[in-house]
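Start from the sequences and build out the full structure, keeping to the hints where you can.
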Amino acid sequence: MLVPLKWLKELVKIPSGVEVDRLREDLTGIGLAVEAVESSPDGEQVLCFEITTNRPDCLSVLGIAREAAALYRTGYRRPAFRLAEGGQPASDLAVAAVTDAALCPRYGARVVEGIRIGPSPDWLCARLEAAGVRPINNVVDATNYVMLELGQPLHAFDFDTLAGRRIIVRPAWEEETLVTLDGVERLLDPSILVIADAERAVALAGIMGGLDTEVTASTTNILLEAANFDAACIRRGSRTLALRTEASLRFEKGLDPEQVPGALDRAAAILEEIAGGRTATGIVDVYPDPREPDRIDTRVSRVNGLLGTALAGEEMAQLLARLDFGVEILAEVDGTGPGNGGAGPSNGADRLLVSVPSFRRDVTLEADVAEEVARLHGYDRIESKLPSGLLTQGGLGRWLELEERIRSVLEGLGLQETLSYSFTAPDVYDRLEIPPDHPLRSFVTVANPLAEEQRAMRTTLLPGLMNVIMHNVDRRVNTGRIFEIARTYHLKQGEPPQRGIEAVSERRNVGVACFGDPNFFELKGLISNLLAGLGVEGVEFLPARAEFMHPGRCAEARTGGHKLAVLGELHPKVLRNYDLKVGVAAAEVYLDAVFPVAVQVRRYRPLPKFPPVVRDLALIVPREIPAAAVTSAIREAGGELVSEAALFDVYEGTQLPPGTKSLAFTITYQAPDRTLTEAEVREPQERILKMIGDRFGGRLRT
Amino acid sequence: MTEQVSTYIPEQVSEVEALAKSAFDQVKTPEDLQSFRIEFLGKKGMITYLLKGLGQLPPEARREAGIRINLLRQEVEDLITLKESSLGREAEARRLEAEVIDVTLPGKGTPLGSRHPVNLVILEIKKIFVSLGFEVWEGPEIETDYYNFEALNIGRDHPARDTQDSFYITPDILLRTHTSPVQIRCMEIKAPEVPLRMVAVGKTYRRDNDATHSPMFHQVEGLVVDRGTSLAELKGTLLAFARRMFGSETRIRLRPSHFPFTEPSAEVDVSCPICGGGGCGVCKQSGWLEILGAGMVHPNVLRAGGYDPEAVNGFAFGMGVERIAMQRYAIDNMRLLFENDLRFLGQFR
Ligand SMILES: [Zn+2]
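In order, the protein sequence lines correspond to chains H and V.
Residue numbers for the first sequence follow my numbering, so the first one is 1 and each next one is one higher.
Residue numbers for the second sequence follow my numbering, so the first one is 1 and each next one is one higher.
Check before you lean on any hint, since a few could be wrong.
Heads up, simulated EDC-like pairs for lysine to aspartate or glutamate below, C-alpha to C-alpha not over 16 Å straight-line [stated by the list, open to error]:
no.	chain 1	residue 1	chain 2	residue 2
1	V	K203	V	E249
2	V	K127	H	D430
3	V	K126	H	E404
4	V	K203	H	E403
5	H	K573	H	E401
6	H	K661	H	E636
7	V	K127	H	E404
8	V	K203	H	E19
9	H	K609	H	E624
10	V	K126	H	D430
Reference listing, derived: stretches of chain H covered by chain V, where coverage requires no fewer than 3 residues with Cβ under 8 Å from a Cβ of chain V [unchecked claim]:
no.	region
11	229–242
12	305–318
Derived DEER-like restraints, expressed as beta-carbon distance ranges [claimed, not checked]:
no.	chain 1	residue 1	chain 2	residue 2	range
13	H	R78	V	Q285	32 to 42 Å
14	H	G414	V	A330	17 to 27 Å
15	V	Y168	H	K492	51 to 61 Å
16	H	E540	V	Y168	40 to 50 Å
17	H	L243	V	H213	21 to 31 Å
18	H	E540	V	A330	44 to 54 Å
Just so you know, the hints here were simulated from the structure itself, not pulled from any lab data.
Heads up, the beta-carbon is just placed ideally off N, CA and C, and yes, glycines get one too.
Given below as structure tokens:
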């Protein structure tokens, strides 16, 4: 909100010596954030405020003046004016009725006759422009001026266009329509409150007037409206119609019904002055249920406990009085008072009975009173101290520790961590060639995304990695190794989202990708190192299938029946769908499966005391036999004495019978309690050869 | 040489000694040294010959001659050893010289990877709060309206819903707009235990996308519930955090503000770590950086978490991680954080 400094100074005395920079800092210090000081078109200083939603009273020059007066203890004054009302009572000219006082607690109107529509005088135009409002004509300008000055939106109807000279405040009828001032025809429903005349809706209550009853060049008599509406009702209406105005922005935060007559008087006086109007006597005022001021029973000790201060009751009372709160200091009643949550000292008065001014409806609780005390006392005068309570242990927790470990391992392996959006385009599942009905297609849908490519919550980290690769290849970064630790989001299959939050599950994954000219084994090396780094034991890599992977170059990492990861080279058709010219090998590691088998604290295994016997063994087996199967056969047949069977060479070629390959192993035999003899090793070695023969039809390569 | 009774002739020894010395001076190579050894210490070497002659000396001369000749032998052996090692060193030096490499060629092995700057900042923040006795919690990113809004004192028609324009899944389920729902979930589990000290870290979502806003971003949020905790302790905690995070000279400034879930509420500024408060481009000349929102937990929120606001107080604070990362690494556009250009990420090794 923009407040010209000169206007502010008409309503409050700013102490001499307080220049604009200091004023800015001081107001910011009590919660009225001055974002900038600008210059109006005619060179006046203008304060730009960012007012929090709880302070609609400060969306006006008067509201700021009140706060400044409290701050500087100088007092503020309402604008001075003279109203020459007279003649027929307004209530004889117009009738107003409200169907639901909860939605419109107060409706006030004045009738001003004999208006000459024209431009406003220069001083008024300049002031509106300084406050960021475009002048239109003297009547509209007068209402805007009063809204800026006092915070009360007003509306002027061409009185002669109101059927029956009647105002009815009521919910709109089903399918009622109204063309608003901006020329848009709006379809209404009963959730929207309207101002109607005897026949039809003539304005959207608290939001915008109607075109038919607008003040025009030929208008001579006007009905000036100032009302108070239910904040939630205006807010809903404004949202439903997607129409926000200066008026609705104020009403939807809740305004003070007590300011209605003052605003009508002020506006009428201005119209008398600048538009030659004659104001009919009195106000049409529908205000069936004036609200008593709220009273808050406030414990001094409780306020001190919340703030960590040691203010006396009298000091608090003085601070509150400066903010127009009425304060009655009550003598100590029952010694300690109910639990104060802190050992605030209580000097003298133990309780304050605080009456809240009508423009401060945001203050309803003891904690609100504490904030008023604190901000005027000064947040900077509250001391800083570390928590005095019992020590607590603190900690990351096992999940976050696991994630940090993953980062260290992958960073050490030369991977770069990426961070991509959790949402993706629904069609990536097509690009990834994921078949219909595949579980990866059970994604959670964002109903109101910013863009179509952010509609689907991702079920796999692959789309994010692919976007990163695309982005980099576009910039000629043609090779890289990347990873991301993030969640994926899944709809439990067969459950409609209406089932509620239980139908949604979040999982944790690590996505890994190598791009450029990667091969399966580069990726496999990374994944095995990662799993080893997390202390996962007994990991096996088995051939697997995934629609988006090369059918012959895809594996699953498993341990004890749990699928830990899927890894492979991406299928060429996926690369074509992405129009990617580089190769990609990618893996997804399922942390929910890794978590239970990851080992945080390792156990030491004694080192062998006796020397091993090492034998190299080259075996010829059919080409299709996986090396892992041969390795486990060696271990199985070799028994306990085999401490390691390491594959060191694979050969296929002309020196072998067609359809076979040679696998060369280094087998380490070791006993914990003795040095093995030749004879002891011969026996398992023979068992191994027999098993290779029986199981695979293989033999020793000689 | 004929068998004869030798007599000890000291001149003979001196002659051999002189010969040895002059021959030794001619030794330049390992081969020279070998010939020298043979000439004097070999089976038929001169010193060997002298030693052999000892036996034929009369006992009285043998002793003196023995001492003298053995001394000579020792001397020659020492010379040989010395020469051997000096010749070896020279040879090695020549070899090493020939083995020179271009040390400016690149090193081998995989280059170090990197962590994302946002996660670097999160890790730093987590470590600080853990050391202050806070537990780190997480919660779901897809949340219910209840946890994201209602329980935090943000009713259906609360204006604060505007500033947190949300991504909805259904009218009642949304992507969380802040990490505050984790506070409620944590309190539900811990209440009525005190003290509770927790921070929640994670991804949050709002419908914003420009140079300073991203539809997905990260927050760290903290909560303390204890008997007798206060705004003063909130200030102390945030000051301790700010000094660890931004440097020991850091000051903080609290300004009254408004959040539905705290009362009293404050915006917390941190003195600019770049200029120390004097004003610079990073802090837009103000000397302060807006980093945190904070306040005393609203009684309704404590109640929603299962605590009795008459028995305990709470304070809470929250901060946006991207903002801190941008300030810390002098990044001027938030989009850089989510584009994942490897040339950008590689700067955080
Ligand atoms: Zn600075």
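Hints, verified against the model:
no. : hint                        : verdict
1   : K203/V x E249/V             : 31 Å, violated
2   : K127/V x D430/H             : 42 Å, violated
3   : K126/V x E404/H             : 11 Å, holds
4   : K203/V x E403/H             : 15 Å, holds
5   : K573/H x E401/H             : 38 Å, violated
6   : K661/H x E636/H             : 21 Å, violated
7   : K127/V x E404/H             : 12 Å, holds
8   : K203/V x E19/H              : 43 Å, violated
9   : K609/H x E624/H             : 39 Å, violated
10  : K126/V x D430/H             : 39 Å, violated
11  : 229–242                     : holds (count 4)
12  : 305–318                     : holds (count 5)
13  : R78/H x Q285/V: 32 to 42 Å  : 37 Å, holds
14  : G414/H x A330/V: 17 to 27 Å : 26 Å, holds
15  : Y168/V x K492/H: 51 to 61 Å : 19 Å, violated
16  : E540/H x Y168/V: 40 to 50 Å : 44 Å, holds
17  : L243/H x H213/V: 21 to 31 Å : 24 Å, holds
18  : E540/H x A330/V: 44 to 54 Å : 47 Å, holds
Taken one by one, the earlier hints fail for this structure at numbers 1, 2, 5, 6, 8, 9, 10 and 15, listed in ascending order.
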